[in-house]
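**Q** Sequence:
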Amino acid sequence: MDIVPQLIANSLIAGSIYAILTLGFNLTYASAKFIDMGFGVMTAIGGYTVFYVSKTLGAPLWLGLIAGILLSGFVSFLAYTFIYKPLRARKSSGAVLLIASLGTLTAVQAVIAILFTSQFQTLSGLLHGNRVFELFGAAFTAVQLSIFCVGVLLFLLLAFLLKKTLFGKATVAIGDDEEVAKIVGIDTDRAMGRLFFLSGAIGGLAGILIGFDTGIEPIMGLPWLLAAVVAAIIGGIGNIYGGIAGAFLLAFAENFGIWKIA
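Going by the numbering used here, 22 is the number at position 19 of the sequence shown; the sequence numbering is gapless.
Think of the hints as simulated: they come from the structure by calculation, not from any bench.
Virtual Cβ for every residue (Gly too), placed ideally from N, Cα, C.
It is possible that part of the hints are untrue.
[What the hints assert, rightly or not] Okay, the calculated beta carbon distance ranges per label pair:
#  : residue 1 : residue 2 : range
1  : LEU81     : VAL135    : 23 to 29 Å
2  : ILE6      : LEU81     : 20 to 26 Å
3  : GLY97     : PHE259    : 47 to 53 Å
4  : LEU90     : THR59     : 32 to 38 Å
5  : LYS166    : SER127    : 33 to 39 Å
6  : LYS166    : GLN124    : 34 to 40 Å
7  : PRO89     : ALA113    : 21 to 27 Å
8  : VAL99     : LEU164    : 26 to 32 Å
9  : GLU182    : ARG134    : 50 to 56 Å
10 : LEU130    : GLU182    : 44 to 50 Å
11 : ILE186    : THR59     : 33 to 39 Å
[Stated by the list, open to error] 30 Å max Cα-Cα, derived DSS-like pairs, lysine-lysine:
#  : residue 1 : residue 2
12 : LYS172    : LYS36
13 : LYS172    : LYS88
14 : LYS167    : LYS58
15 : LYS36     : LYS263
16 : LYS167    : LYS36
17 : LYS94     : LYS36
18 : LYS185    : LYS166
19 : LYS172    : LYS185
20 : LYS185    : LYS58
21 : LYS263    : LYS172
22 : LYS36     : LYS58
23 : LYS185    : LYS263
24 : LYS88     : LYS36
25 : LYS88     : LYS167
26 : LYS167    : LYS263
Construct all of the structure, not just a fragment, from the sequences and the given hints.
**A** If you want it as structure tokens, here you go:
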């Protein structure tokens, strides 16, 4: 059996998850100019919110999905409002902000572990089956196909948002020069708050998709964050579109590299 088609499929699926994460990460990095490690834990918040709302409480899955995405965004917004914003106002360095965001990741991760234990959980039981498809010699599940489709849709939506809306233009302006953006009348604090909410929501969405495909655990945030950072660096950190290319390059390098080594 030729394994190459399966490796390509696996790379596209992994690349889609990396791309979603990199989109969320680059949104804040491009404007705030620091590595927000707290972004990583948004994946766990999204996944565990769905687990609690739809599995523990028995609420409809759609309600759990909405709750997971919104709560992730809200926690990210709170982190910006009460931690990063005051530090930025005092002109703190990127290193200080990085350490503060690491504290955010660690603290929220610990709270999740206390509430749900460190046991590995899966969200796949919430689905009514997970059909397996075969195409050109590669097998993939309905969830994995959904991951790819969500990644494409999210990219298109963000491209439209950044190019065609006032919020998107304000975001680009802040990324180019925040002081100039303030001079021309852009409310940078408000725009940054929205950016962090959107970034956190995207992280939560990624965590939910990961939960349906492989599973969730409290410490899942850091490894997925590192993947997003590496992909962002490959594509040009802060470059939202380049990050997509970096995500898929990383995924293909991982899958084909492991195959060659094995």
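**Q** Are the hints correct? Go through all of them and say.
**A** Evaluation of the provided hints:
Distance hint check: the CB atoms of LEU81 and VAL135 are about 40 Å apart, inconsistent with the given range 23 to 29 Å. Evaluation of the 20 to 26 Å hint for ILE6 and LEU81 yields a failure: the beta carbon distance comes to about 46 Å. One distance hint, 47 to 53 Å for the beta-carbon pair GLY97 and PHE259, is violated here, with the actual separation near 34 Å. Evaluation of the 32 to 38 Å hint for LEU90 and THR59 yields a pass: the beta carbon distance comes to about 36 Å.
The supplied range of 33 to 39 Å is met by LYS166 and SER127, whose beta-carbon atoms lie about 36 Å from each other. The beta-carbon spacing between LYS166 and GLN124, approximately 39 Å, falls within the hinted interval of 34 to 40 Å. The hinted window of 21 to 27 Å between PRO89 and ALA113 holds, with their beta carbons roughly 22 Å apart. Between VAL99 and LEU164, the C-beta spacing of about 30 Å keeps the proposed range 26 to 32 Å intact.
About 53 Å separates the C-beta atoms of GLU182 and ARG134, a value consistent with the hinted range of 50 to 56 Å. Evaluation of the 44 to 50 Å hint for LEU130 and GLU182 yields a pass: the beta carbon distance comes to about 49 Å. A hinted range of 33 to 39 Å for the beta carbons of ILE186 and THR59 is inconsistent with their spacing of about 50 Å. About 17 Å separates the Cα atoms of LYS172 and LYS36, which keeps this hinted pair within 30 Å; it holds.
A threshold of 30 Å between alpha carbons decides the hint, and for LYS172 with LYS88 the separation of about 21 Å falls inside it, so the pair holds. Using a Cα cut-off of 30 Å, the hinted pair LYS167 and LYS58 is violated, with the two alpha carbons roughly 39 Å apart. Proximity of LYS36 to LYS263 is assessed by CA-CA distance (about 37 Å); at most 30 Å being required, the pair is judged violated. Only pairs whose Cα atoms come within 30 Å are accepted, and LYS167 paired with LYS36 is accepted, the gap being roughly 23 Å.
Of the pairs offered as hints, the one joining LYS94 and LYS36 holds, with about 12 Å between alpha carbons and a cut-off of 30 Å not exceeded. Restraint check for LYS185 and LYS166: the C-alpha separation of about 20 Å stays at or below 30 Å, so the hint holds. This hinted pair checks out: LYS172 and LYS185 have alpha carbons roughly 13 Å apart, not beyond 30 Å. With a CA separation close to 46 Å, the supplied pair LYS185 and LYS58 exceeds the 30 Å bound.
As the CA atoms of LYS263 and LYS172 are separated by approximately 44 Å, the hinted pair breaks the 30 Å bound. The straight-line distance between the Cα atoms of LYS36 and LYS58 is roughly 38 Å, outside the 30 Å bound, and the hint therefore fails. The suggested pairing of LYS185 with LYS263 is violated, with an alpha-carbon distance near 52 Å, which exceeds 30 Å. Pair hint LYS88 plus LYS36 holds up; C-alpha atoms about 13 Å apart against a cutoff of 30 Å.
Proximity of LYS88 to LYS167 is assessed by CA-CA distance (about 27 Å); at most 30 Å being required, the pair is judged to hold. Between LYS167 and LYS263 the alpha-carbon distance is near 44 Å, which puts this suggested pair outside the 30 Å criterion.
Comparing the model with each numbered hint stated earlier shows that hints 1, 2, 3, 11, 14, 15, 20, 21, 22, 23, 26 do not hold.
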